[in-house]
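**Q** Here the protein sequences line up with chains A and B, keeping their order.
Yeah, the first sequence ends on 216 if you go by the working numbering, and it's all consecutive.
Yeah, the second sequence ends on 216 if you go by the working numbering, and it's all consecutive.
Because the hints were derived from the structure by calculation, they are not lab data.
This structure is a prediction, so every number in the text was calculated from the model and none was measured.
Any given hint might turn out to be false.
Which copy is meant is left open, because identical chains are indistinguishable; a pair holds if it fits in one copy or across any two.
To be verified - Capping the alpha-carbon separation at 20 Å, the derived lysine to aspartate or glutamate pairs in DMTMM-like fashion look like this:
1) Lys164 - Glu198
2) Lys169 - Glu95
3) Lys165 - Glu186
4) Lys164 - Asp182
5) Lys210 - Glu65
6) Lys70 - Asp212
7) Lys124 - Glu186
8) Lys191 - Glu73
9) Lys210 - Asp182
10) Lys202 - Asp212
11) Lys213 - Glu73
12) Lys210 - Glu66
13) Lys169 - Glu186
14) Lys70 - Glu95
15) Lys165 - Asp182
16) Lys165 - Glu66
17) Lys202 - Asp187
There are 2 protein chains.
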Amino acid sequence: MCLYLEYWLLVSQLADGAGNGLLVLLLLPMGIKRPKSFAFLNFFITFPALKTNLTTRIIMTKEELMRKAIELSVQNVAEGGGPFGAVIARNGEIIAMGVNRVTPDCDPTAHAEVSAIRTAAKILGTFDLSGCEIYTSCEPCPMCLGAIYWAHLDRMYYGNSKKDAAKIGFDDAFIYEELDLKPEDRRLKSEVLLPEEAIKAFQDWENKTDKVEY
Amino acid sequence: MCLYLEYWLLVSQLADGAGNGLLVLLLLPMGIKRPKSFAFLNFFITFPALKTNLTTRIIMTKEELMRKAIELSVQNVAEGGGPFGAVIARNGEIIAMGVNRVTPDCDPTAHAEVSAIRTAAKILGTFDLSGCEIYTSCEPCPMCLGAIYWAHLDRMYYGNSKKDAAKIGFDDAFIYEELDLKPEDRRLKSEVLLPEEAIKAFQDWENKTDKVEY
């Protein structure tokens, strides 16, 4: 019973978005399974869990996780978003989900992968998602691929290719090509300004003794 | 007096994050300046403005805007964040500001540029920041440069280079190199999974008649 109390504590903390990676790690190796007589609890656990992009503790295969990302992408089109969905999982268990909400939320960065990463990091209470994998319905654009590297995700699975995306009007290829060019050759005009003043923050960073590196 | 009522309306709408680009455009060509006797209003205008990354209606030169980005980067080191700051401006006026809050906010995507873009888009109520420029204290990483393209920013100014960033431990160069490689050659392991099922969302998108493209 003590274990179930801990489990509930975990669920309620996750549902609050406070996150508690330690408890997850402690409980996972113990392979906790609720006895069938506790099945009536499912509703209470699932309800807050869904609201915070969590599911109950179900271990899924990589195909099942990808199908979840695909299901999110299909559902998101019906709900007015872009045709993209992503799932972040650890040891086969969903940590967070995300969909493309660029137009409905007026956020050019709200791609499925970025949204899933932000939610997973918030839930786990860390900026380092090592040990997690991402399942995305489409090969990521440079912004999302960059975010995947910064989040230190272990592995990526994707369904549609960037060529498929280009065919329906999402031309990530253009951005990939631009990134390859020198700043002066890019379509985006850029200019170096006041580098002699900008360096101060870097000097301060180097001299700071209590900095958190990432 | 009527003009000042409109001005207040604008400020309160922006402070709420609702945004109103039209009023900005209408008032700008009129070159509204508050008479000095209205100076006591500064506090009330500046206070909510600061909370939403806005300043009063001051037209700044590109050097002044870059200095603001640099000031943010220096201040952010002192406040426990990374040494990066960014400003988004339109016609010389600050729309939004952002700093790197990766470690304090547990968000691997919370780079200065991404944060500034998200705030600017929220304030202006659009995912398309055409007509705006970004001033960033350091040359953007691939994630942020991708975000700049998706946001359709007109122009970019930067202070420190990515080489300067690498010298103090922020190795964006590694991510730039990885993006150049074919998926199978990257350090990040990836795998194509269920493309035949993933294509459904793209087909739905193509068939959707009321979609918002971007």
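**Q** Treating 20 Å as the Cα threshold, decide for Lys165 and Glu66: within, between, both or neither.
**A** Classified as neither: same-chain Cα gap 24 Å, cross-chain 42 Å, threshold 20 Å.
**Q** Between the shortest in-copy and the shortest cross-copy C-alpha distance, which are at most 20 Å for Lys70 and Glu95: within, between, both, or neither?
**A** Within one copy only: 12 Å inside a chain, 44 Å across chains, cut-off 20 Å.
**Q** If the cutoff is 20 Å on CA atoms, where do Lys202 and Asp187 land: within, between, both or neither? Let me know, please.
**A** neither (28 Å within a copy, 37 Å between copies)
**Q** Is it within, between, both, or neither for Lys165 and Asp182, if the alpha carbons may be no more than 20 Å apart?
**A** Answer is both; intra-copy 18 Å and inter-copy 16 Å each pass.
**Q** At most 20 Å between CA atoms: does that hold for Lys169 and Glu186 within a copy, between copies, both, or neither?
**A** neither (29 Å within a copy, 23 Å between copies)
**Q** Cα distance capped at 20 Å. Does Lys164 pair with Asp182 within a copy, between copies, both, or neither?
**A** both (16 Å within a copy, 14 Å between copies)
**Q** For the identical chains here, do Lys202 and Asp212 meet the 20 Å Cα criterion within one copy, between copies, both, or neither?
**A** Close inside one copy (18 Å), not across copies (50 Å); limit 20 Å.
**Q** I want to check one pair: Lys210 and Glu65. Are their C-alpha atoms no more than 20 Å apart within a copy, between two copies, both, or neither?
**A** Neither: 46 Å inside a chain and 27 Å across chains, both beyond 20 Å.
**Q** With identical chains treated as interchangeable, where does the CA-CA distance between Lys169 and Glu95 reach 20 Å or less: within a copy, between copies, both, or neither?
**A** neither (33 Å within a copy, 38 Å between copies)
**Q** As a check of your reading, is Lys210 near Glu66 (CA-CA no more than 20 Å) within one copy, between copies, both or neither?
**A** neither (46 Å within a copy, 27 Å between copies)
**Q** Reference check for the pair Lys124 and Glu186, CA-CA at most 20 Å: within, between, both, or neither?
**A** Neither, since 37 Å and 30 Å both go past 20 Å.
**Q** Regarding Lys165 and Glu186, is the shortest C-alpha distance of 20 Å or less found within a copy, between copies, in both, or in neither?
**A** between (27 Å within a copy, 16 Å between copies)
In this structure, the earlier hints numbered 2, 5, 6, 7, 8, 9, 12, 13, 16, 17 are contradicted, and the remaining ones agree with it.
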